[in-house]
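Produce the complete structure using the sequences and hints provided.
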Amino acid sequence: MSKGQNSGGLMSSAGLVRYFDAEDRNAIRVDPKTVVAFGILFGFVVMVLNAVGL
Amino acid sequence: MGWKEAAEPLLTRMPSVVRPEGHVPFKRKLGWTAGILVLYFFLTNITVWGLAEQGNDLFGQFRSILGGSQGSILQLGIGPIVTASIVLQLLGGADLLGLDTDDPRDQILYQGLQKLLVVAMIFLTGIPMVFAGGFLPASSNLADALGVGIFGVQVLIFAQIAVGGILILFMDEIVSKWGVGSGIGLFIIAGVSQQLIGGLFGWQGLTGNIGFLPAWVGIITGSIDIGSPLTAEGLQAIFMGQGQLIALVTTVLIFVVVVYAESVRIEIPLSHARVKGARGRFPVKLIYASVLPMILVRALQANIQFLGRILQSQLGAAGMPNWLGVYNQQGQPTAGFFYYFNPIQAPGDWMWWTGIAQEPWQVALRVAIDLTFMVIGGAIFAVFWVETTGMGPEATAKQIQNSGMQIPGFRRNPQVIEKVMERYIPQVTVIGGALVGLLAVLANMLGTIGGVSGTGLLLAVSITYKLYEEIAEEQLMEMHPMMRSMFGNG
Chain F
19 MSKGQNSGGL
29 MSSAGLVRYF
39 DAEDRNAIRV
49 DPKTVVAFGI
59 LFGFVVMVLN
69 AVGL
Chain Z
3 MGWKEAAEPL
13 LTRMPSVVRP
23 EGHVPFKRKL
33 GWTAGILVLY
43 FFLTNITVWG
53 LAEQGNDLFG
63 QFRSILGGSQ
73 GSILQLGIGP
83 IVTASIVLQL
93 LGGADLLGLD
103 TDDPRDQILY
113 QGLQKLLVVA
123 MIFLTGIPMV
133 FAGGFLPASS
143 NLADALGVGI
153 FGVQVLIFAQ
163 IAVGGILILF
173 MDEIVSKWGV
183 GSGIGLFIIA
193 GVSQQLIGGL
203 FGWQGLTGNI
213 GFLPAWVGII
223 TGSIDIGSPL
233 TAEGLQAIFM
243 GQGQLIALVT
253 TVLIFVVVVY
263 AESVRIEIPL
273 SHARVKGARG
283 RFPVKLIYAS
293 VLPMILVRAL
303 QANIQFLGRI
313 LQSQLGAAGM
323 PNWLGVYNQQ
333 GQPTAGFFYY
343 FNPIQAPGDW
353 MWWTGIAQEP
363 WQVALRVAID
373 LTFMVIGGAI
383 FAVFWVETTG
393 MGPEATAKQI
403 QNSGMQIPGF
413 RRNPQVIEKV
423 MERYIPQVTV
433 IGGALVGLLA
443 VLANMLGTIG
453 GVSGTGLLLA
463 VSITYKLYEE
473 IAEEQLMEMH
483 PMMRSMFGNG
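Line order of the protein sequences matches chains F and Z.
Going by my numbering, the first sequence opens with residue 19, and the numbers climb by one from there.
Going by my numbering, the second sequence opens with residue 3, and the numbers climb by one from there.
Take the hints with a grain of salt, since some may be wrong.
[To be verified] Using 30 Å as the maximum straight-line C-alpha spacing, the simulated DSBU-like pairs for lysine-lysine come out as follows:
hint: 1; chain 1: Z; residue 1: K117; chain 2: F; residue 2: K51
hint: 2; chain 1: F; residue 1: K51; chain 2: Z; residue 2: K29
hint: 3; chain 1: Z; residue 1: K179; chain 2: F; residue 2: K51
hint: 4; chain 1: Z; residue 1: K278; chain 2: Z; residue 2: K400
[Claimed, not checked] Short, incomplete list of chain Z residues facing chain F, as computed with Cβ under 10 Å:
hint: 5; residue: V20
hint: 6; residue: P22
hint: 7; residue: I48
hint: 8; residue: G52
hint: 9; residue: I75
hint: 10; residue: I83
hint: 11; residue: T103
hint: 12; residue: P106
hint: 13; residue: R107
hint: 14; residue: Y112
hint: 15; residue: Q113
hint: 16; residue: V165
hint: 17; residue: L169
hint: 18; residue: D174
hint: 19; residue: I176
hint: 20; residue: I297
By construction, these hints were calculated from the structure, which means they are not laboratory data.
Ideal Cβ positions, reconstructed from N, Cα and C, are used throughout, including at glycine.
Below you can see the structure in the form of C-alpha cells.
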C-alpha cells in the first residue's frame with residue numbers, strides 16, 4: 019500500500035469507475051487473462067448455441 | 003454501528019482484477035487495450051441465444067453513448083456502470099457516504115460499493131428489458147424445444163445479458179489497471195467512431211443510410227436528385243437533407259471547440275519551497291471537470307425515457323394517460339410528460355416548419371426543458387465530479403503542499419493554497435459544465451454526421467484528447483525512466 023494517495027494523481031478523472039491501490043487481503047483476485055479467456059469462451063458458447071439453431 | 007461496519011465483510015470480498023506488479027511496458031499496455039477492444043467488438047456481434055427477433059431498442063437514441071448493441075450479449079453496454087456512477091456521485095457529492103478516499107480502508111469500501119451498485123443496476127435495467135415489453139422477445143420455439151416455457155427462456159436471456167454486463171465491468175478494470183485510459187472511454191470512442199465512419203463513408207447496402215461522401219458523389223453525378231440548388235427545396239436538401247452540410251460543419255466545429263477549450267486554462271504559478279528557481283504552474287482548465295459528467299446527465303434523461311417506454315409497454319396505449327405520454331409506432335413519445343423530457347436528438351425534432359406533428363410552442367417547451375436540464379445538470383454534476391474525484395480546492399491544495407510547492411507571495415500552508423484555489427476552481431467548474439451542456443444541445447439541434455449526437459461527439463473528442471496526453475506522458479516515462487518517480491508511480 020502506498021501513502022494512501024490515489025494512484026492516478028491528477029489524472030484520476032479519467033474514468034467513471036475509480037480504482038485505488040489499496041486492496042484487502044480477503045478480496046478475490048482475478049487474473050486479467052482469466053477474464054479475457056472467459057469472455058472469448060462465453061462468446062463462442064453462445065455462438066455455437068445459436069448455430070445449433072434450436 | 004454504521005453502515006460501513008455492517009457492509010464491510012461483503013464489500014471487501016468483491017472480486018477485483020490483480021494489479022500489475024511494478025511498471026508495465028508501454029507496448030504491453032497498448033496490447034491489453036487493443037485486446038480488450040477486439041473482445042468488445044467480438045461480443046457486440048454475438049446475438050443472445052433464445053431471441054425470437056431483434057426487438058425494439060430500449061436505449062434508442064442513447065445507444066451511441068451507452069455502448070453495447072441491441073440484441074447482443076452486450077445489450078446493457080455501459081448503462082449499468084453509468085447509472086451506478088450517478089448514484090455514487092449524488093451520494094458522494096452530498097457527502098452522505100462518509101467515506102474518506104484518502105484512507106486505504108475507505109478506498110477498499112468505495113471500490114466494493116462501486117461494484118455492488120453496478121451489479122444492482124444490471125438487475126434493475128436488465129429485468130425490465132427482458133420481462134417487460136418487446137425489447138428482447140423470447141423465442142417460443144426454443145421454449146417448446148427445451149420444455150421450460152417462455153419464462154424459462156427469458157431467464158436464460160437475462161442470464162446472458164447479465165454476464166455481458168459483468169464482463170464489461172471487468173474489461174473496464176483491466177484497461178484501467180493494465181492498459182491506457184479507461185475501458186468506458188474506450189467503448190465510447192469505439193461506438194462513436196464506428197458511427198462517424200459509417201456516416202461519412204457508408205452506403206445504402208452497408209449501413210442502411212447513405213453516408214456523406216457517397217451522397218455527394220450521387221448529387222454531383224446526378225444519381226441523387228435534389229432539384230435545383232437555386233430553389234428553397236434544393237437549398238434545404240443541400241444543407242439539411244441529403245447534402246448534410248450543416249451536420250458536417252457542426253461535427254468539425256465540435257472537434258475544434260473541444261480541442262480549443264482543452265487549452266483554455268487559468269494557470270496558478272507555483273514555486274518550490276526549498277529549490278530556488280524550480281517553478282511550475284497548476285492549470286485550472288476551462289472544462290476542468292472534463293466532459294464525463296455530461297454522460298451522467300444524459301443517462302439521467304435516458305432513464306426517464308426508459309421509465310416511459312416500460313410504463314407504456316405495461317399499460318398499453320389505452321391505459322396510459324395522455325398527459326403522461328402518447329407514443330407513435332416507432333416507440334417515440336409524441337405528446338405528454340415524456341415528450342417534453344425527451345431530449346432533442348436531431349434537427350427533425352424541432353424544425354417545426356418541416357411539418358412535424360407538434361405545435362411550435364410545444365417544440366419550444368421541449369427545447370427549453372432540454373437546455374435547462376443539460377446546462378443546470380451539467381453544472382451540478384461537474385461540481386459533484388470535482389468533489390468526488392479529488393480535484394476540489396481542498397484536495398488540490400493538499401497535493402500541492404505535499405509536492406513541496408507553494409504559491410509565490412503566499413505563506414506555505416495548505417489553508418492558504420486552498421483559499422487561492424477557492425477563487426478559481428468552483429467558478430471554472432460551473433462555467434465549464436454549463437458550457438459543455440449548451441454545446442451538446444446545440445450540436446444535437448444542428449445534427450451531426452452519422453447521428454452520433456452532440457454528447458457522443460463531445461465525449462469521444464475529449465476522451466481521445468486525454469488519451470493522447472496520457473500516451474505522450476507514457477512515452478516520456480519510457481524514454482526517461484527517471485521521470486517515473488516524478489510522476490509518482492513506481
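Against the structure, the hints:
Distance hint between K117 of chain Z and K51 of chain F is fulfilled; the C-alpha atoms sit about 20 Å from each other, no more than 30 Å. With a C-alpha separation of about 17 Å, the suggested pairing of K51 of chain F with K29 of chain Z holds against the 30 Å cut-off. Under the criterion of a C-alpha separation no larger than 30 Å, the hint pairing K179 of chain Z with K51 of chain F is consistent with the structure, at around 13 Å. For the hint linking K278 of chain Z to K400 of chain Z, the alpha-carbon distance of about 21 Å falls within 30 Å, and the restraint holds.
This hint holds: V20 of chain Z has a C-beta 5 Å from the nearest C-beta of chain F, less than the 10 Å allowed. Given the 10 Å rule on beta carbons, the hint for P22 of chain Z holds: about 9 Å separates it from the nearest Cβ of chain F. Among the interface hints, the one on I48 of chain Z holds; its C-beta lies about 5 Å from the nearest C-beta in chain F, closer than the 10 Å criterion. Using the Cβ-Cβ criterion of 10 Å, the hint placing G52 of chain Z at the interface with chain F is satisfied: the shortest such distance is roughly 8 Å.
With 10 Å as the threshold, the beta carbon of I75 of chain Z comes within range of chain F, its nearest partner Cβ sitting at about 6 Å, so the hint holds. Look at I83 of chain Z: its Cβ gets to within about 6 Å of chain F, closer than 10 Å, so that hint holds up. Among the interface hints, the one on T103 of chain Z holds; its C-beta lies about 7 Å from the nearest C-beta in chain F, closer than the 10 Å criterion. With a cut of 10 Å, the hint placing P106 of chain Z at the interface with chain F holds, because the nearest CB-to-CB distance is about 4 Å.
The interface hint given for R107 of chain Z is met, as the beta carbon of that residue sits about 8 Å from the closest beta carbon of chain F, less than 10 Å. Look at Y112 of chain Z: its Cβ gets to within about 7 Å of chain F, closer than 10 Å, so that hint holds up. The beta carbon of Q113 of chain Z is positioned within 10 Å of a beta carbon in chain F (closest approach about 6 Å), and the interface hint is therefore held. Annotation: V165 of chain Z was flagged as interfacial toward chain F, and the flag holds, the nearest CB pair being 6 Å apart, inside 10 Å.
Because the closest C-beta pair between L169 of chain Z and chain F is about 5 Å apart, less than 10 Å, the hint holds. At about 6 Å, the closest approach between the beta carbon of D174 of chain Z and any beta carbon in chain F falls short of 10 Å, and the interface hint on this residue holds. For I176 of chain Z, the interface hint holds, since its Cβ comes within 10 Å of a Cβ in chain F; the closest pair sits about 4 Å apart. Contact between I297 of chain Z and chain F, as hinted, is supported at the beta carbon level, the nearest pair being about 7 Å apart and thus within 10 Å.
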